[in-house]
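Just so you know, full-length UniProt numbering puts the end of the sequence shown at 171, numbered straight through with nothing missing.
Rather than coming from a laboratory, the hints here were simulated on the basis of the structure.
A couple of the hints might just be wrong.
In silico lysine-lysine, BS3-like type, Cα no more than 27 Å apart, as pairs [claimed, not checked]: (1) K118 - K66; (2) K118 - K128; (3) K66 - K128.
Beta-carbon label-pair distances, calculated as ranges [to be verified]: (4) S105 - P39: 23 to 31 Å; (5) V57 - S134: 17 to 25 Å; (6) G56 - S134: 46 to 54 Å; (7) T125 - L153: 37 to 45 Å; (8) N133 - G89: 54 to 62 Å; (9) E51 - V139: 50 to 58 Å; (10) A26 - E51: 32 to 40 Å; (11) E152 - E38: 49 to 57 Å; (12) R155 - E108: 30 to 38 Å.
The C-beta atom is built at its ideal place from N, Cα and C for all residues, glycine as well.
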Amino acid sequence: MSEFVPFRFRVNLHDSRSGDLLCSGAFSEVTGFELTMEPRSIAEGGRNWGEHQRSGVTRFSPMVLKRGVTHVNDLWSWFDVTTRGANYGYRMHGEIVLLGNPRKSGDEYQDNPVMTWKLTGVLATRFKGPDLNSTASQVAIEELHLVHEGLELERRSSDTDPTTGPEESAS
């Protein structure tokens, strides 16, 4: 069975309408992989020993992307256009790809995606710039908070791992 390390991943954000790539690349941290289904209790007359439990609404936690500040202005531009005038609510599709050990192809190594979380209806809700402090020695970090309307997980089968089956998809 393969184990994967949490520091090898890639984030892609695409325009929902055109499919154009807004952002692809390295983030130092992605958090918020959490879904919660709130069950509904239904009481039945004459049934005094407990209630029926039915599935209820599924809620998605906000995703938080963090990266070192760069010259690229893509995340700020998206948040800015989302919060102004006629573009209010500008949505993206996203994917967060967990990478396994690189595979050698010829003379070079290539990424080895092992699972992908696909997000739909992604909306930027908060942009946080870096904390500026002249005595600090760490990298300046910016973060973007996202909400979304759906999360889907795709696992890829691996030629080197016999314990993984064919590609699975869970919503």
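Open item on the list: Tell me the numbers of any earlier hints that the structure contravenes, in ascending order.
Closed with: Violated hints: 4, 5, 7, 8, 10, 11, 12; rest satisfied.
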